[in-house]
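Please build the complex by placing chains B, C and D on the supplied structure of chain A, with the hints as guidance.
Below are the chains, spelled out letter by letter.
Number of protein chains: 4
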Amino acid sequence: MQVGLIGLGKMGSNLGKNLIDNKHEVVAYDLNPEAVKEIEKYGAKGTNDLEKLIQSLEKPRVLWIMVPHHVVDSVLDNMKPLLEEGDIVIEAGNSHYKDSIRRYEDLKEIGVSFLDAGTSGGMEGARNGANYMVGGDRSAWEIVEPIFRDTAVENGYIFTEKAGGGHFLKMVHNGIEYGMMAAIGEGFEVLEKSEFDYDYEKVADVWNHGSVIRSWLMELTANAFSKDAKLDEIQGIMHSSGEGKWTLETALDLQTATPVIAMSLLMRYRSLEQDTFTGKVVAALRNEFGGHAVEKKN
Amino acid sequence: MQVGLIGLGKMGSNLGKNLIDNKHEVVAYDLNPEAVKEIEKYGAKGTNDLEKLIQSLEKPRVLWIMVPHHVVDSVLDNMKPLLEEGDIVIEAGNSHYKDSIRRYEDLKEIGVSFLDAGTSGGMEGARNGANYMVGGDRSAWEIVEPIFRDTAVENGYIFTEKAGGGHFLKMVHNGIEYGMMAAIGEGFEVLEKSEFDYDYEKVADVWNHGSVIRSWLMELTANAFSKDAKLDEIQGIMHSSGEGKWTLETALDLQTATPVIAMSLLMRYRSLEQDTFTGKVVAALRNEFGGHAVEKKN
Amino acid sequence: MQVGLIGLGKMGSNLGKNLIDNKHEVVAYDLNPEAVKEIEKYGAKGTNDLEKLIQSLEKPRVLWIMVPHHVVDSVLDNMKPLLEEGDIVIEAGNSHYKDSIRRYEDLKEIGVSFLDAGTSGGMEGARNGANYMVGGDRSAWEIVEPIFRDTAVENGYIFTEKAGGGHFLKMVHNGIEYGMMAAIGEGFEVLEKSEFDYDYEKVADVWNHGSVIRSWLMELTANAFSKDAKLDEIQGIMHSSGEGKWTLETALDLQTATPVIAMSLLMRYRSLEQDTFTGKVVAALRNEFGGHAVEKKN
Amino acid sequence: MQVGLIGLGKMGSNLGKNLIDNKHEVVAYDLNPEAVKEIEKYGAKGTNDLEKLIQSLEKPRVLWIMVPHHVVDSVLDNMKPLLEEGDIVIEAGNSHYKDSIRRYEDLKEIGVSFLDAGTSGGMEGARNGANYMVGGDRSAWEIVEPIFRDTAVENGYIFTEKAGGGHFLKMVHNGIEYGMMAAIGEGFEVLEKSEFDYDYEKVADVWNHGSVIRSWLMELTANAFSKDAKLDEIQGIMHSSGEGKWTLETALDLQTATPVIAMSLLMRYRSLEQDTFTGKVVAALRNEFGGHAVEKKN
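Going down the list, the sequences are from chains A, B, C and D.
Be aware that the first sequence starts at 1, since it is given in our numbering, and climbs by one per residue.
Be aware that the second sequence starts at 1001, since it is given in our numbering, and climbs by one per residue.
Be aware that the third sequence starts at 2001, since it is given in our numbering, and climbs by one per residue.
Be aware that the fourth sequence starts at 3001, since it is given in our numbering, and climbs by one per residue.
Note that these hints are calculated values from the structure, not bench results.
Please note that the accuracy of each hint is not assured.
[To be verified] Take a look, some chain D residues computed to stay more than 12 Å from chain B by CB distance:
(1) ASP3021
(2) LYS3037
(3) TYR3269
(4) ARG3270
[Said to hold, decoys possible] Derived list of chain B stretches under chain A, where covered just means 3 residues or more per stretch with a C-beta under 8 Å from a C-beta of chain A:
(5) 1023 to 1037
(6) 1150 to 1160
(7) 1189 to 1196
(8) 1207 to 1215
(9) 1247 to 1257
[Unchecked claim] Derived EDC-like pairs (lysine to aspartate or glutamate); straight-line CA-CA distance at most 16 Å:
(10) C:LYS2296 to B:ASP1232
(11) D:LYS3230 to D:ASP3199
(12) D:LYS3193 to C:ASP2253
(13) A:LYS162 to B:ASP1197
(14) A:LYS193 to B:ASP1253
(15) A:LYS297 to D:GLU3233
(16) A:LYS162 to B:ASP1253
(17) D:LYS3193 to C:GLU2249
(18) B:LYS1297 to C:ASP2253
(19) A:LYS98 to B:GLU1195
(20) C:LYS2297 to B:GLU1233
(21) D:LYS3297 to A:ASP232
A quick note: this is a predicted structure, and the numbers were derived from the prediction, not measured.
Glycine included, each C-beta is placed from N, C-alpha and C at the ideal position.
Here chain A stands alone, though its shape is the one from the complex (with noise of 0.2 Å):
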């Protein structure tokens, strides 16, 4: 199937390799002719010029989109004016399930089929085998189905049958990845302050044949150790790109209890300070009542 890829960025790349790998044929588009150069040389047609792009497509053209989630509004804003009845947008990247709806509803108003792709998997994935989570019309999936099944792992893919859906889906999947992460790396810091000596890796490697916790996160771990075996050599800062506060968020306006998910997020932001005011507050609240000594600045 041709597809016009449009963002060369760590995943689109990794992605428009796949899509090749797979027989398909890929039409890409980025500013930056670097990611353009190599993707031509791995067999894909490429541009600079988002309108020639959308013009040299087949109709009704499949467009994906695999750009920064804050910069979708204005790629589709560039497209809108040249898509046609019938044509197929993919935006695979990381948007809030609400604006997917909101993009969903706005190409609806021109015969456009919006699908919103949740992607999983990391870089890795993209390349050789990701996950997919879909909403969208039924009617648009049937024709694009193909290039997900063809880029996605085995039984990797699910049509979730409504617009926002595949984001509401990925953005859940992430709320439970940050809960996932923030208990495996508890875990290891109760390891760490304990009396014992334990070897990470071989920790981490042996929890991952045949436990209960055995996942690909506890794969990841022993990579990370087997590179630094006990993480000197980084700091424990915690960036998020959103979808975990977007998921505690959804939690709130659904009346939704999720503890685990919201400390997990809450432990990434703390990550962020090198001291708090609300332990400034509570050590001067001590020193109040009970003469407790503060420790001062030096």
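Just chains B, C and D, lined up with the frame of chain A:
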């Protein structure tokens, strides 16, 4: 290797068969004659007389205890007078690591080696390939390593060099397990409360193919939904058998912040209640200051 | 000072009487004729016609809105065409601070000053001495400060110089309130589950005399227990009116770790449920890997 | 009443003066000669010889122990041979209630009554009006109630009828205190991170006049900010002296969900760390699957 197996419950009988499959000689003990009969059929010698069991074994004896953790001490009390220098006792249940250290010290006085072996992988693992985390003396370990190697999955065991190190690792493993399970549960609760109508078996199955959160627990989640699509038939009462509590208690002793593990445990306790006193107090307070209505008991 | 009071609910009617007690002239509006009649008896002029109310006031008008936060916009829409340059609108309900900033900007365009006033102290405070946190323009504040000073407890108000600053402060106040209430509730739950048989009214009363945790909330706790010694008659269902949620959402936007406020909110949501899907998933998983029994629905 | 006061630290010396102010006869013991001299100046008899102290008291003796909780047992060991049937020992430090029950049982064997007295209100309370929560035998209580009544604030003491009941109540009091302090701290952290520029002393002061969250802790918060407007000079390191931990441990034993108390404790532990191993693991995992950059150590 000849193994004296003490305890033929769910885990013990599965392990016994696993040992026999791997050409080890099993002499098994349990008070339950049914359990003894069953393992005899499978090729073990069986007895309901602990003294006879111990006396019948070749020296140095290898004894594998697989009983509920609250009866380990009484089993050891009965065994101790019958043991001799050089014997090796493996305790493979869910004991607290501090009990294991105490038992190690206690048996050391009479020249008996005590190995604490945390076992993961569930009943299925015990039967076909378990996961072991073992602590104690290396000299004893080197003698019995073959029975661990043979009954574990490949690469599925670790020797930690220090008494208590096996059960400590198992304890933390279970703490991680609590957090992971809660994260998965919370994620599905967000799905359940959402505007979308997902097929949870399909979701769990897809998440187990290529996604970041693929894991044995996610596979089991798919299994559970395959039997009861919305889990309508069961109540969300989450019992616990102690290791999560031990992990949190240990974290407190080590002054380690483990909020995700803590919350996963506290929500299990919360699930045991129909109503909470906390809730009554808060509801009453809202009424006191704001005139907000309280919900009366019927 | 002449004050146009819009809204005669629990808070508004108490405030009206408080204003009258302090020699202010109240012209009051509500659609409910009973409420209007009651405040008229107490010495106010009353009306159920918003237009008449506004037209009857001396200029520059001082209008005090005390209505549920979800109707503030419609009240303002009705008022706006009737307002003139120099008028001052005080909005003293529980509005989101971002709405207050928007309303401030909106009214500024027609030369009307908008003050956002968070109000604490409950109904009793509104009647006999409230607590105010006010944001907006200083020029307007200086005109109306007397009505705040007179109806507040001594030292019980603050002007924060910036639009939205009053409601933001009130929001955070409520977040703290959520955490404090949960802490008190949890403490009493530990007492209730303990081997001791305390007289909770007496405990709360003693804790309110000289202890570190003495507070108005503890006084109210004693009041609540004085009416129902074990709170047997009420259910622990903890509703919420939004400010705790806003506090957490704001904390997330500011990447601030507020675990105590987060948990106090999530446990309110948890209290709305008889059972949880999280619990079902975790119970099912324990059954899957460990054969632990689940509790069936009746 | 004649009181043998053992321990003249911050709390003990303040209590001694409080007793003397209230016309009680104080015979005081401490190893520190300065402390003894100071209380002698105030009107007590003093000694640094425990045996002499006990022998000099009228029978039945009333002994009030106010020493750090980890030395209570050694003090009691020294005292026990000198005590006689009918003597009353009050232990007013921060002991674990289970230790108090054990001590009660132990002294009961020789006919000595042991009262466990939790003390709140800080140093200021010990000096001018404390708060007491007392457990033990009523017969002993009735003899010594006057010294509690006189040194407490009005209505500021409770007798709980059962050994351990005083220290249990004090423990839970401190658990609530942890939660309240954290809630206050988190609230101010949200303010600090916000777009507003509040005067925190003024905010705390206003919140303490008429608001729902008015409390002694809020008064102390205003005090703290009055000395250091933004707490710039202190670090947010939150030490703890054990009672919050005991409360959570007790809650776990009672299977009680106390998430707010739990989080307030865990965040204290978190504040003791510059960096966390949890954070390193999570950061490393994000790098493994998503190529997200980690922050390197300098």
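Do the hints match the structure? See the list:
no., hint, verdict
1, ASP3021, "holds, 36 Å"
2, LYS3037, "holds, 38 Å"
3, TYR3269, "violated, 4 Å"
4, ARG3270, "violated, 4 Å"
5, 1023 to 1037, "violated (count 0)"
6, 1150 to 1160, "holds (count 8)"
7, 1189 to 1196, "holds (count 6)"
8, 1207 to 1215, "holds (count 8)"
9, 1247 to 1257, "holds (count 7)"
10, C:LYS2296 to B:ASP1232, "holds, 9 Å"
11, D:LYS3230 to D:ASP3199, "holds, 9 Å"
12, D:LYS3193 to C:ASP2253, "holds, 10 Å"
13, A:LYS162 to B:ASP1197, "holds, 9 Å"
14, A:LYS193 to B:ASP1253, "holds, 10 Å"
15, A:LYS297 to D:GLU3233, "holds, 5 Å"
16, A:LYS162 to B:ASP1253, "violated, 49 Å"
17, D:LYS3193 to C:GLU2249, "holds, 13 Å"
18, B:LYS1297 to C:ASP2253, "violated, 39 Å"
19, A:LYS98 to B:GLU1195, "holds, 12 Å"
20, C:LYS2297 to B:GLU1233, "holds, 5 Å"
21, D:LYS3297 to A:ASP232, "holds, 8 Å"
Figure legend: structure checked against the earlier numbered hints; hints not met, in rising order: 3, 4, 5, 16, 18.
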